[in-house]
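Each of the two chains sits in its own frame; use the hints to bring them together as a complex.
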Amino acid sequence: MLRISQVTRRFGAKVAVDAVTLEIPEGQMVGIIGRSGAGKSTLLRMINRLTDPSAGSISFSEVEVSALKGRALRGWQRDCAMIFQQFNLVPRLDVITNVMLGRLNQRSTLTTMLNLFPREDILKAIEILERLGISEHGPKRAEALSGGQQQRVGIARALMQDPRIILADEPIASLDPMNAQVVMDTLRRIHDEDGRLVICNLHTLDTARRYCDRVIGMRAGRIVFDGRADELTTPVARDIYGADADFSEEATSTSLETLSRPRSVIAAEAALAV
Amino acid sequence: MPELAYGGPPRDRPRDLRTSYLRDVQQRRLYSGLLFAILALLLISGFTLADERNAGGFWDGLAKLFDFPTELIAEAFEKSANLPVHLLHYLPSLLETVNIAAASTLIGALLATMLSLLATRGLARWPVLIPLFRRAMDIMRAVPEVVIALVLIFVLGGGPVAAMIAIAFHTTGALGKLFSEVNENADLRPVEGLTSVGSTWLQRMWFAVVPQVAPNYLSYGLMRFEINIRASAILGFVGSGGIGYDLKNAMSWGTGRYDEVAAIFILLLGTIIAVDQLSSLARNRLVRGTL
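The listed protein sequences derive, respectively, from chains A and B.
If you count the first sequence from 1, position 42 lands on 42 in the numbering used here, and the numbers rise without skipping.
If you count the second sequence from 1, position 153 lands on 153 in the numbering used here, and the numbers rise without skipping.
Bound-form chain B, shown alone (with noise of 0.2 Å):
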């Protein structure tokens, strides 16, 4: 009777432990409910509110929503033959744009690694200091792009640097806060069966938890990529060069111009698919394949 050998006289009261948790599922459900009636009331006065203030009104806008994208199409169809030409015109900007992604996405990569693996219970070198690097995530992850760069710019002048450094620690807080949550979920028994052999702590986590998180760790940071991409094109309005500044110029002058602007349009969307295409492939190939 290996029961009587091992575990003592079985403890649980079964009504009480219905009667408790059909008293929880009825509170969550109690919540779920006013949660949702919340939700609903809160869009419903938001949407009345911006109607109202709108300098026109909602209905009214919603059938000339498609003037734009229309009239751009249709210049942009009239003038294809300059197509081709537009498009190697802008590829120098668009290799100005990416790069400025790739290099920001790299260096926020790894400083979101150290912040990150800093900032986890369990495995942060020092315990205490959790709160410190998880507010500093917070704050570099809080202050939006266009901030920075506009602050960089008045201080280093236009230009890509700027434009880098701005995307960079942006990235930094955004990916650390998605690593730490990946390193959460990380098992810890290779990390302690590294501590009984007397390692130290960069080589616990360089050999415990990097296998471990690596394949997430890509995939979020070719998803940052992605997303700088956009950034950094965004960036260009504000000065800081790349294929964003080329959109700006077309786009102010308007008249005439939008085949080019279709041009750049087509640029940017290609990229993004191409980036998406190599990140799933990249991504399979780390998952299955040895590290």
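The shape of chain A in the complex, shown without the other chains (with noise of 0.2 Å):
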């Protein structure tokens, strides 16, 4: 269990997430909804701890995350995986080794820096590429493949943490929507196979609503609406965005199905559910 209580995190005079409390249970796969500059990332970052909370407190199973320092917080680092909307893999270095930094916590130092990754890793690296459908990249530099194949090297890294969380901030927002889809399918994929608790950022209402378990909406860096997928109807939905009546759900949409219908019929369709 995933407890954050009465979180908050200050920039200066801004507040960007503002007294925050959730509990989310191991196993669920949720979405958090909101416009940009809602306080989503900022609320992941301090789950991670790249970002330190002014205020409140984060714990995990009876650990006190906020409080954690030195070895300790690198250890929760390495439970909890982060995925990045850009990526943030070394572009330089080939895709295996991309994957195999997962392991830099379980590993010492000086043995990581003579780049002597044991025999395991290796193998292990090469069988998660495997089940994401790159592998036959491994060799290559990490720059040389395309986004939606560079968030799969991104997911792998968090898979060879072997973590307890992942975190995935904002995933597909620098894809186009066939990766998109890609992507989304193996977060799912790994949130159902190997039953690991998914908190993922999205800014598009109909990706939180396919692939979610749990929506949570952020508005102003509070959470305005937490529930099921079903339960996020129209009205909700404007709330969050902080929409008038004009708004519809496809105009947030980067789906397939959505953008392959005609912009007319759709803004028709938004005109008619008024």
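Simulated from the structure, these hints should not be mistaken for lab results.
Among the hints, erroneous ones may be present.
[Said to hold, decoys possible] Straight-line C-alpha distance at most 35 Å; calculated DSBU-like pairs for lysine-lysine:
#, chain 1, residue 1, chain 2, residue 2
1, B, Lys248, A, Lys140
2, B, Lys248, B, Lys79
3, A, Lys14, A, Lys69
4, A, Lys124, A, Lys69
5, B, Lys177, B, Lys248
6, B, Lys79, A, Lys69
And the structure:
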């Protein structure tokens, strides 16, 4: 169980996350939605401790995550993998090495720096890449891959950590619809097959609806919705995005089905729905 | 209407932007004009001052500027048959000089790497100590090699070790500054990615920063190697061995040994050209090939 209680993060005078309280049991797939600047990324980064909370506490199965330091903190970061919008791979290293970097915490600094990753790590990395269907790119440099492939390498690095939680910060925001679907399918598959807790920041409603069991809506640093995906009605969505009656869900969509329909049809449907 | 869903009302006021930007441009032009005027003034006043103080006048001296090279080349040409023998004779000294330069560049580059990483914002292990490491590099860079070498020769006695330490010290400061500028341009996303997996600081630097900066480090390092060959030759003048010592002897006794001076110059020039060629080759390979 991940417990977030009264967590606040301030950047100067600006409050990015405002007294957020949440409880997420293990094994869920959670989508956090909201417009940009709503505090979704900051919340996720605080869970991994890339950013420290200004106030409040985060704990995971009786461990006070927000108080960890040094080695214990790095141990927590190993258990709590993160996937980034911009992939955050090392562009000049090959794909398999990038995946193996997920094991940095379990291996000593000296052996990793001499590039002496054990044979089992290399085999494990290749196995994960095979599972995600990109093993043929293993020896290439990460920078030579397309965005969708790089994001799958990011997921592979996360899996290499053998984490208890996977945090995905806008994993599909810089991908085209086709690749976005592949990446989201991959995340969902990991959740279904391994039963890991996945928390995913998304800026499109339909993706959250389609892939997540539970949806959390954030607006201006606060949680304004928390419920099952099917409870997310159009008025609720309008409230989350702070939009007026002109708002239609398809306008935020990047999915293939929506895009394949002509814009005029979408507009007409939106007009009818109001 | 995605704009309505995401953005607020347009907030920029175009009239204000125009006036303020035009004012900025005017100000910048004024500043560069002033700067240019000051520079010109300094140059002119400095020149007249130097011309007055010099023993011979600048214009009188200008005609004699080429006397020395002409004499040297004429004499060397006259005894050009001796040249191959001299080249071979001074080769061991050249090797000693290059050795001093190589060792000091290597040691200096390693120390500079550590110092520069510790002194770069966003990468530093202890951000509070950044000013300390920066000042340390400033000091190391500010002290000329000759000064350190003279002190070390006094303490350790003359020889290549004193020269090596002196050059390495200065190299650490000089390369550290250049390296930390390279570090500032490094993409921080890989660093963040590795922080999120629970890596140590050394692991982050080694896997996320070094692959990005290595080609630039190498090219600065090789450039420094060239500079250090010259520095190492110059330190020979103050008594730390190598080809500089031979050059000093050949030149100071003057009469009749200009052919040896020419041989030494040829050796030095050839070495520096070779290092330059090798460095561009190595850099190209590193940028294009695998690390």
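Violations among the numbered hints, reported as their numbers in ascending order: 1 and 6
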